[in-house]
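Engineer: Residue numbers (my numbering), protein chains in the order written: chain A, 1 to 179; chain B, 1001 to 1179; chain C, 2001 to 2179; chain D, 3001 to 3179.
Because the hints were derived from the structure by calculation, they are not lab data. Think of the CB as a built atom: it goes at the ideal place given N, C-alpha and C, for glycine as much as any other residue. One should not assume that every hint holds.
[Claimed, not checked] Dumping the calculated BS3-like pairs for lysine-lysine here, alpha-carbon to alpha-carbon at most 27 Å:
hint: 1; chain 1: D; residue 1: K3083; chain 2: D; residue 2: K3068
hint: 2; chain 1: D; residue 1: K3083; chain 2: C; residue 2: K2083
hint: 3; chain 1: C; residue 1: K2083; chain 2: C; residue 2: K2068
hint: 4; chain 1: B; residue 1: K1068; chain 2: B; residue 2: K1083
hint: 5; chain 1: B; residue 1: K1068; chain 2: A; residue 2: K68
hint: 6; chain 1: A; residue 1: K83; chain 2: A; residue 2: K68
[Said to hold, decoys possible] Which chain A residues face chain C? A few, computed with CB under 10 Å, are given here:
hint: 7; residue: H101
hint: 8; residue: V102
hint: 9; residue: A103
hint: 10; residue: E104
hint: 11; residue: S112
hint: 12; residue: P113
hint: 13; residue: H162
hint: 14; residue: H166
hint: 15; residue: A170
hint: 16; residue: G171
hint: 17; residue: L172
hint: 18; residue: G176
hint: 19; residue: L178
hint: 20; residue: P179
Protein chains: 4
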Amino acid sequence: MTRTALDYDDNWLDPDELAHMRRRLPLTYVHGLPVQRGDDGEVDRVGLLLRTLDTGALGREIVGGRVKFHESIRTALLRHAEKDLGTLALPTAPLSLTPFHVAEYFPTEGVSPYHDPRQHAVALCYILPVIGDCSPGGDALSLDWLTPHEAVSPEITGEMRHGQQHIVRAGLAHLGILP
Amino acid sequence: MTRTALDYDDNWLDPDELAHMRRRLPLTYVHGLPVQRGDDGEVDRVGLLLRTLDTGALGREIVGGRVKFHESIRTALLRHAEKDLGTLALPTAPLSLTPFHVAEYFPTEGVSPYHDPRQHAVALCYILPVIGDCSPGGDALSLDWLTPHEAVSPEITGEMRHGQQHIVRAGLAHLGILP
Amino acid sequence: MTRTALDYDDNWLDPDELAHMRRRLPLTYVHGLPVQRGDDGEVDRVGLLLRTLDTGALGREIVGGRVKFHESIRTALLRHAEKDLGTLALPTAPLSLTPFHVAEYFPTEGVSPYHDPRQHAVALCYILPVIGDCSPGGDALSLDWLTPHEAVSPEITGEMRHGQQHIVRAGLAHLGILP
Amino acid sequence: MTRTALDYDDNWLDPDELAHMRRRLPLTYVHGLPVQRGDDGEVDRVGLLLRTLDTGALGREIVGGRVKFHESIRTALLRHAEKDLGTLALPTAPLSLTPFHVAEYFPTEGVSPYHDPRQHAVALCYILPVIGDCSPGGDALSLDWLTPHEAVSPEITGEMRHGQQHIVRAGLAHLGILP
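Looking at chain A on its own, in the form it has when it is part of the complex (with noise of 0.2 Å):
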């Protein structure tokens, strides 16, 4: 098999395969947290996309998604990236395939801190510094760049999904910031 032989169309896998093998199997998943870093080369904000639900309700979310056959993570993060941030927002890529956090999502509540009633997925965080100008696209409606007290409020916490309010404070212990 070779690279040139794959097909790299962002269809080739349709809607109800997808659907059919995420109930088959574990999918790959990465996060990137956004950050700001200040003066002092401390990280002072993270970015916390708002996007409008299947119900019509609003919640918040990092950026992420998952990996694609044949696709690195490092190509995912940056993919994923540029789809939730836009392309000016020159994030940088982590140095390290290391994690600072793994996420287990399972459809069925209850059985971690993660939950996604479409999917078992197994995600990889990390850290995702960001320079340029964020414009969210696709479903989101904004970044906000949030101070970490903010990013741990209960009015924020409240409206993550999926549990990922876990992932944001994993994010801020393994930067030395949870308030």
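The hints should help you fit chains B, C and D onto chain A, whose structure is shown.
Structural biologist: Chains B, C and D alone, transformed into the frame defined by chain A:
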């Protein structure tokens, strides 16, 4: 969907279906690097499996395999440890799900240090301390406990499959004992 | 200089000399966060020491203290574990010297989350699994095994000294069990 | 004690006093492994300093030195980077204070892979991405940007001082590019 609604039969994913999915999605894998600790608490031995390959030649591997649908990373790791090391190995599950290394296996050679012609797999690699007696099962001929020097010698690395000598060295580096 | 030439007497650094050095150099510290694991291998309890402070009030701390001249990090960690938890605690030294967190204590408040009026110290923080019986020694009144929820409750965090509640939360986040 | 009460003069610790303390306490050190990233975000070059040793021979080192009293780890790392790489190197401070490796230097050979006849030092090792122009200062003759293969070749490792070739390899393993 409830947990009890799932069929946990080992055979629920038949070989044809698995072979098909291996060409459509990256599989989530776990690896355990079996280690033994000396009296001072430092690791002094690494365990490598010796297997007969399809070609009839011999090859070495570390513990591991895929994560099943709705299976946690720790459960998958201990299931593969039992399959590869026997029921009396007494492995210790990792305290944290943060792996010491992430290995990306691609079906194309040269994309990364790891190559598996069957599939694209993303493998989370953990140190697996073992205190019991190992009796390798399945298709493994033996489990050999090697010193760090032996484990990275040309004789041994030349027998490692799929580029796993890089996982062994990353593990030894993480443990501070890479010769 | 040979190892045998060193005087390993506990008293070789007299209090005046130590007090002087504490104002001249950052001290190297180690911390161990005592934990117990449940049947599934996940940590379910965290151990916190309760001490009488100089002021007569009570305060909570985790295991730890300074690294002595020519003492390894693992030896220092196990020495402090024995001093704080007794000789029957059976702690497990960390596999890797990579800490889950680095705490910078400054004599000035507000420079970092950690404050120690006596000194500037750089503390490497490790998870310390304990499987034996703990009988706190020295000036510790008790060792209390708390659930993650209890360990981060306002009652407990309000009793933590030197900002160590941040180490507890970073440890729980590293273990994937921060509530 | 307030911050303003401190004397931040570089000379406040005279050589005799420092030499004395080096025999009494472990010193806290920081190391930065200078790296350059390729277009795909992966590190492809490692920077090693070439110095003239006291003996007149040449030796290689990575960036680093001790942390001063009341100095943060990030500040110390950037101070040593400026001293060793010049003012135009534009290094990036680490996002997290969790090091990829901890090196224990002992004055006695053979206790650990690291040896420094002057002192016992505990060194926190960080990856140090550099995007500017390096002009090595102080006693450094040059900074050479090497491929991972060159950096671990016998010619180069034979020139590394104090066992620092182990830090280089641990860094490359952490980055997933150890040859």
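Engineer: Which constraints among the numbered hints does this structure fail? Numbers only, ascending.
Structural biologist: 2 and 13
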